[in-house]
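If you want the building blocks of each chain, they are given just below.
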Amino acid sequence: ILNVEQSPQSLHVQEGDSTNFTCSFPSSNFYALHWYRWETAKSPEALFVMTLNGDEKKKGRISATLNTKEGYSYLYIKGSQPEDSATYLCASPRVVSNYQLIWGAGTKLIIKP
Amino acid sequence: DSGVTQTPKHLITATGQRVTLRCSPRSGDLSVYWYQQSLDQGLQFLIQYYNGEERAKGNILERFSAQQFPDLHSELNLSSLELGDSALYFCASSVARDSLYGYTFGSGTRLTVV
Chain A
235 ILNVEQSPQS LHVQEGDSTN FTCSFPSSNF YALHWYRWET AKSPEALFVM TLNGDEKKKG
295 RISATLNTKE GYSYLYIKGS QPEDSATYLC ASPRVVSNYQ LIWGAGTKLI IKP
Chain B
12 DSGVTQTPKH LITATGQRVT LRCSPRSGDL SVYWYQQSLD QGLQFLIQYY NGEERAKGNI
72 LERFSAQQFP DLHSELNLSS LELGDSALYF CASSVARDSL YGYTFGSGTR LTVV
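Read top to bottom, the protein sequences are chains A and B.
Under the working numbering, read the first sequence as residues 235 to 347, first letter to last.
Under the working numbering, read the second sequence as residues 12 to 125, first letter to last.
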């Protein structure tokens with residue numbers, strides 16, 4: 235793949251349930267993978283920056299894994315809460331773009347009370 | 012407060028006019044990035060400065076220009092404004108040059124061209 239792709243585009247999850255979504259990126263010349271949370275009417279907030287194959291990072295109920303060989307990352311949210319409702323963006327800097335982030339379109343997560 | 016300060020928060024101006032958006036990066040960050048978010052669109056990268064020098068350009072129009080000053084604050088100048096320039100303009104900062112660390116975003120400047 236040439237671009238950063240995210241799936242699904244949107245997701246409705248019941249409060250208390252756990253969920254996960256995917257970011258796919260070019261595996262060649264991998265440099266780093268960023269995850270951001272973007273709440274409505276706010277600005278994007280960095281969650282994780284991952285660089286090593288097999289890396290796993292955690293922040294509270296949110297965690298992420300990275301597979302650089304096959305070019306994907308998963309974001310997991312355990313026990314979803316209403317405040318988790320947001321759009322989750324992943325992005326990867328590319329050499330061909332002078333290390334500018336190539337952004338995915340995001341996964342919009344809606345937590346139903 | 013993220014540590015990145017953008018002013019003004021809102022700006023309403025007429026077509027053909029020129030405006031300047033200002034960004035002060037988080038303390039210690041040397042990179043400043045400008046992004047545009049139009050209605051229902053994602054983040055469109057405009058330009059990056061690192062320690063006072065232009066580092067990378069994205070889809071920035073010729074009517075737009077930017078600079079980073081010795082104190083590391085940055086200004087984005089938009090001229091000959093058109094209705095289609097109405098958007099939310101974000102500034103972000105990072106400590107590194109090559110996107111190896113997370114970006115800290117400001118709260119944005121909402122520009123409305125009428």
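Since the hints were made in silico from the structure, they are not lab data.
Take these hints with a grain of salt, some might be off.
Heads up, simulated DSS-like pairs for lysine-lysine below, C-alpha to C-alpha not over 30 Å straight-line [stated by the list, open to error]: (1) B:20 / B:68; (2) A:291 / A:342; (3) A:291 / A:312; (4) A:276 / A:291; (5) A:276 / B:68; (6) B:20 / A:342; (7) A:346 / A:312; (8) A:342 / A:276; (9) B:20 / A:276; (10) A:346 / A:303; (11) B:68 / A:342; (12) A:276 / A:293.
Against the structure, the hints come out as follows:
The suggested pairing of residue 20 of chain B with residue 68 of chain B holds, with an alpha-carbon distance near 24 Å, which does not exceed 30 Å. At most 30 Å may separate the alpha-carbon atoms for a hinted pair to count; residue 291 of chain A and residue 342 of chain A meet this at roughly 21 Å. Only pairs whose Cα atoms come within 30 Å are accepted, and residue 291 of chain A paired with residue 312 of chain A is accepted, the gap being roughly 14 Å. For the hint pairing residue 276 of chain A with residue 291 of chain A, the CA-to-CA distance comes to about 24 Å; that is within 30 Å, so the pair holds.
Taken as a hint, the residue 276 of chain A and residue 68 of chain B pair is honoured in the structure, with Cα atoms around 25 Å apart against an allowance of 30 Å. Note on residue 20 of chain B and residue 342 of chain A: the hinted pairing holds, with a Cα-Cα distance of about 25 Å set against a maximum of 30 Å. Taking the CA atoms of residue 346 of chain A and residue 312 of chain A, the gap is about 15 Å. The hint holds against a cut of 30 Å. Distance restraint check for residue 342 of chain A and residue 276 of chain A: the Cα-Cα separation of roughly 14 Å lies within the 30 Å cut-off, and the hinted pair is therefore satisfied.
Straight-line distance between C-alpha atoms of residue 20 of chain B and residue 276 of chain A comes to about 12 Å, which keeps the hinted pair within the 30 Å bound. Of the supplied pair hints, the one linking residue 346 of chain A and residue 303 of chain A is violated, its CA atoms being roughly 35 Å apart against a limit of 30 Å. Among the hinted pairs, residue 68 of chain B with residue 342 of chain A is consistent with the structure: their alpha-carbon atoms are about 28 Å apart, no more than 30 Å. Note on residue 276 of chain A and residue 293 of chain A: the hinted pairing holds, with a Cα-Cα distance of about 20 Å set against a maximum of 30 Å.
The structure does not agree with numbered hint 10 stated previously, though it agrees with all others.
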